[in-house]
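Novice: Residues in the sequence shown are numbered from 66 upward in steps of one, following the numbering used here.
Derived from the structure by calculation, the hints contain no laboratory data.
The C-beta atom is built at its ideal place from N, Cα and C for all residues, glycine as well.
Each hint can be trusted.
FRET-style restraints, in silico, Cβ to Cβ:
{"hint": "1", "residue 1": "Leu106", "residue 2": "Ser406", "range": "29 to 39 Å"}
{"hint": "2", "residue 1": "Gly88", "residue 2": "Thr297", "range": "39 to 49 Å"}
{"hint": "3", "residue 1": "Val390", "residue 2": "Thr115", "range": "44 to 54 Å"}
{"hint": "4", "residue 1": "Pro169", "residue 2": "Gly88", "range": "14 to 24 Å"}
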Amino acid sequence: MCLGAGVGWTFYPPLSSSAFSDGIGVDFLMFSLHLAGISSLFGSINFICTIYSAFTVNTVTRTSIILWAYLFTSILLLISLPVLAAAITMLLFDRNFGSAFFDPLGGGDPVLFQHMFWFFGHPEVYVLILPGFGAISHVCLNLGCSPDAFGFYGLLFAMFSIVCLGSIVWGHHMFVVGLDVKTAVFFSSVTMIIGVPTGIKVFSWLYMIMNSRVSLMEPVFWWLMSFIILFTIGGVTGIILSACVLDSILHDTWFVVAHFHYVLSLGSYVSLIILFIWWWPLVTGVSLNKYLLQCHCIVSNIGFNLCFFPMHYFGLCGLPRRVCVYESSYGWINMLCSVGSFLSAFSGVFFIYILWESLVAQNVVLGFYGSSSVITNLFISPIAYHNNF
66 MCLGAGVGWT
76 FYPPLSSSAF
86 SDGIGVDFLM
96 FSLHLAGISS
106 LFGSINFICT
116 IYSAFTVNTV
126 TRTSIILWAY
136 LFTSILLLIS
146 LPVLAAAITM
156 LLFDRNFGSA
166 FFDPLGGGDP
176 VLFQHMFWFF
186 GHPEVYVLIL
196 PGFGAISHVC
206 LNLGCSPDAF
216 GFYGLLFAMF
226 SIVCLGSIVW
236 GHHMFVVGLD
246 VKTAVFFSSV
256 TMIIGVPTGI
266 KVFSWLYMIM
276 NSRVSLMEPV
286 FWWLMSFIIL
296 FTIGGVTGII
306 LSACVLDSIL
316 HDTWFVVAHF
326 HYVLSLGSYV
336 SLIILFIWWW
346 PLVTGVSLNK
356 YLLQCHCIVS
366 NIGFNLCFFP
376 MHYFGLCGLP
386 RRVCVYESSY
396 GWINMLCSVG
406 SFLSAFSGVF
416 FIYILWESLV
426 AQNVVLGFYG
436 SSSVITNLFI
446 SPIAYHNNF
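Based on the sequences and whatever the hints tell you, model everything.
Specialist: And the structure:
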């Protein structure tokens with residue numbers, strides 16, 4: 066096979082070795098991953114240097130927590146990407162230059178590749194969700210203006226704890242490869258401990274929302290509560306999967322698919338929607354239609370839960386993922402998931418229509434935007450075309 070790469074997204078040897086995938090498509094795919102990794106490394110260095118140069122002694126506590134989220138995200142990428150690059154390079158050497166890093170016949174170990182891959186793979190999910198954490202924290206801080214423990218520093222140190230713990234739990238993706246008991250218990254325990262700083266963030270968000278004067282009919286309030294509820298559902302299933310005994314049964318079932326979609330996919334998507342609602346008036350100078358946003362929130366949540374929640378049942382019944390054939394008794398539930406996926410896709414198109422409608426209706430926003438307590442959030446709306454921000 067000259068073109069294409071039938072090795073999945075994980076590149077596990079021996080499937081990705083030259084004996085089973087001898088086409089150049091696999092080599093090109095690994096080379097493209099190298100290029101993507103280099104761009105991410107340079108981008109991370111850029112973020113770290115820019116944020117560090119912007120921080121001073123007097124502005125650290127008055128800086129938006131989104132900047133801290135991007136700083137932690139960049140640090141995670143700097144730590145994890147070189148390990149993935151090393152693993153891919155070793156695999157390329159195995160394929161093209163006769164080495165045996167992952168070939169048991171030459172003294173190698175294919176499980177070593179899984180360790181190196183997931184040392185990058187798990188911090189990567191935090192790379193995707195940490196900016197969302199920063200966005201939710203930023204909005205809640207501006208709504209609640211909480212100066213106490215359930216405020217800036219609590220969210221900041223919780224995020225720092227998540228970064229530290231998230232770098233040492235890659236083994237929970239590998240409970241079924243034959244880890245010894247002590248190693249499995251370690252990874253299982255540390256994975257459960259991540260729930261502590263995550264719970265601190267969730268309760269801090271709830272505390273700030275409860276102490277804010279935001280109207281219960283505001284779309285941003287609806288979406289904040291949606292994020293917290295969806296993320297909490299995914300967090301509870303994550304605690305279930307972190308137990309090595311239960312994960313041995315649920316591994317590679319639809320239960321895992323439901324878990325990471327509730328935590329990662331919906332978390333990232335909802336945080337992006339919240340940022341659009343929060344900053345669209347600032348960037349464009351026009352407001353969004355609240356009634357359309359409320360309808361969008363309702364349709365989205367129905368679609369999300371209709372699509373992903375039945376997958377928990379699939380997983381508990383032992384239905385494996387990546388399998389297109391299933392018993393007929395699962396047919397009607399699978400149909401519900403399909404309807405939910407179409408509703409979710411429709412909600413995305415509907416949101417684009419809401420953005421277009423705001424530009425056409427031109428319901429202009431005048432005056433200042435944001436709180437003066439956060440210097441990176443004090444702007445005149447709309448923003449000037451040429452500015453230093």
